[in-house]
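**Q** In case you want the letters, here they are:
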Amino acid sequence: MEVPILRQGQYLIASIQSALTDADLSHLREALIAQVGRSRCRGVIVDVTALDVMDSFAVRTLRDIAHMARLRGAETVIVGIQPDVAFAMVQLGLTLKGVATVLDLEEGLAFLDGRTKDRGLDPKTKRPPSGPFRG
Amino acid sequence: MGEELRLTIAADVDVVEARQQGRALAAVAGFSSGEQTVIAAAISEIARNILMYAKKGEITLALVQNGDRQGVSIVASDQGPGIPDIDRAMQYGYSTSHGVGAGLPGAKRLMDEFDLKSTVGQGTTVTMKKWRRSI
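Protein chains in written order, with this note's numbering: chain X, 1 to 135; chain P, 1 to 135.
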């Protein structure tokens with residue numbers, strides 16, 4: 001099951017629609033990292049609301065996505081971890097250390113706006129302001 | 001009781017199928033949705049271990065009863081290479097496959113009973129159970 005990746009302004013939004021196999025997760029990682037470069041985006045949101053379980057492989061893959069995207073110049077935020085999924089993650093001893101997580105998509109967009117604002121992006125349009133860019 | 005569900009684990013889609021069947025069985029046994037997710041996560045970890053180390057194996061799910069306590073039992077067996085050093089394999093963070101090292105110890109943390117039998121060259125069997133908390 002392929003995860004659709006939408007572009008909204010300077011951000012990419014990957015919205016997981018169902019349970020994913022390990023291969024699906026790896027594919028999502030490759031697709032997102034490639035697209036960060038292609039679309040020159042500043043932020044990545046991974047919406048995991050529909051994910052049934054976050055086991056060690058899923059957590060590692062999300063961590064890899066965040067770290068790889070950062071190396072490519074984009075911030076990542078994970079949104080939509082469900083209460084039951086969080087409960088199981090904690091019992092498993094899994095953390096998303098070093099990865100931003102917020103409640104939902106709206107919070108995710110606000111988070112990225114805050115993080116990318118000082119990089120010369122207009123927080124309303126999420127695009128660089130017109131005129132020469134002064135980083 | 002007495003009803004068993006046997007699932008072949010030979011591809012990553014089988015891992016997803018096994019944890020979803022496990023969740024459904026846990027729901028039948030009356031586990032809360034949080035505990036259903038915990039059981040699904042444990043199944044996901046041991047099913048992945050089968051794929052990673054033995055390539056192929058089987059998971060058997062069943063409802064179990066002990067007095068008036070109800071629970072689920074999960075037996076994962078393979079005829080793979082076996083585990084040469086069980087103590088190390090049960091250490092959190094130890095992995096011979098570049099994994100997180102949360103598979104077996106993670107599953108043990110999630111379940112109430114956990115038993116691992118392995119013979120090098122013959123295979124591995126993990127038996128685990130979770131009991132419903134009495135109200």
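No wet-lab data here; the hints were simulated from the structure.
Incorrect hints may have been included.
[Claimed, not checked] Below, a sample of chain X positions facing chain P; criterion: calculated Cβ distance under 7 angstroms:
hint : residue
1    : Ile5
2    : Thr21
3    : Asp22
4    : Ala23
5    : Ser39
6    : Thr49
7    : Ala50
8    : Val53
9    : Asp55
10   : Asp104
11   : Ala110
12   : Phe111
Since we're looking at a predicted model, the values are computed, not measured.
The C-beta atom is built at its ideal place from N, Cα and C for all residues, glycine as well.
**Q** It remains to establish, for every hint, whether it holds in the given structure.
**A** These are the hints, each one checked on the structure:
A cut of 7 angstroms between beta carbons decides the hint on Ile5 of chain X: the least distance to chain P is about 21 angstroms, and the hint is violated. Because the beta carbon of Thr21 of chain X sits about 4 angstroms from the nearest beta carbon in chain P, less than 7 angstroms, this interface hint is met. The restraint placing Asp22 of chain X at the interface with chain P holds, with a minimum CB-CB distance near 5 angstroms, inside the 7 angstroms limit. The interface hint given for Ala23 of chain X holds, since its Cβ lies 5 angstroms from the closest Cβ of chain P, which is under the 7 angstroms cut-off.
The beta carbon of Ser39 of chain X is not positioned within 7 angstroms of any beta carbon in chain P (closest approach about 29 angstroms), and the interface hint is therefore violated. Taking 7 angstroms as the C-beta contact cut-off toward chain P, the hint placing Thr49 of chain X at the interface is violated, the least distance being around 14 angstroms. This hint is violated: Ala50 of chain X has a C-beta 13 angstroms from the nearest C-beta of chain P, more than the 7 angstroms allowed. This hint holds: Val53 of chain X has a C-beta 5 angstroms from the nearest C-beta of chain P, less than the 7 angstroms allowed.
Annotation: Asp55 of chain X was flagged as interfacial toward chain P, and the flag holds, the nearest CB pair being 4 angstroms apart, inside 7 angstroms. With 7 angstroms as the threshold, the beta carbon of Asp104 of chain X stays out of range of chain P, its nearest partner Cβ sitting at about 19 angstroms, so the hint is violated. Because the beta carbon of Ala110 of chain X sits about 28 angstroms from the nearest beta carbon in chain P, more than 7 angstroms, this interface hint is broken. Look at Phe111 of chain X: its Cβ only gets to about 25 angstroms from chain P, farther than 7 angstroms, so that hint breaks.
Of the numbered hints given earlier, the model fails hints 1, 5, 6, 7, 10, 11 and 12; all others are met.
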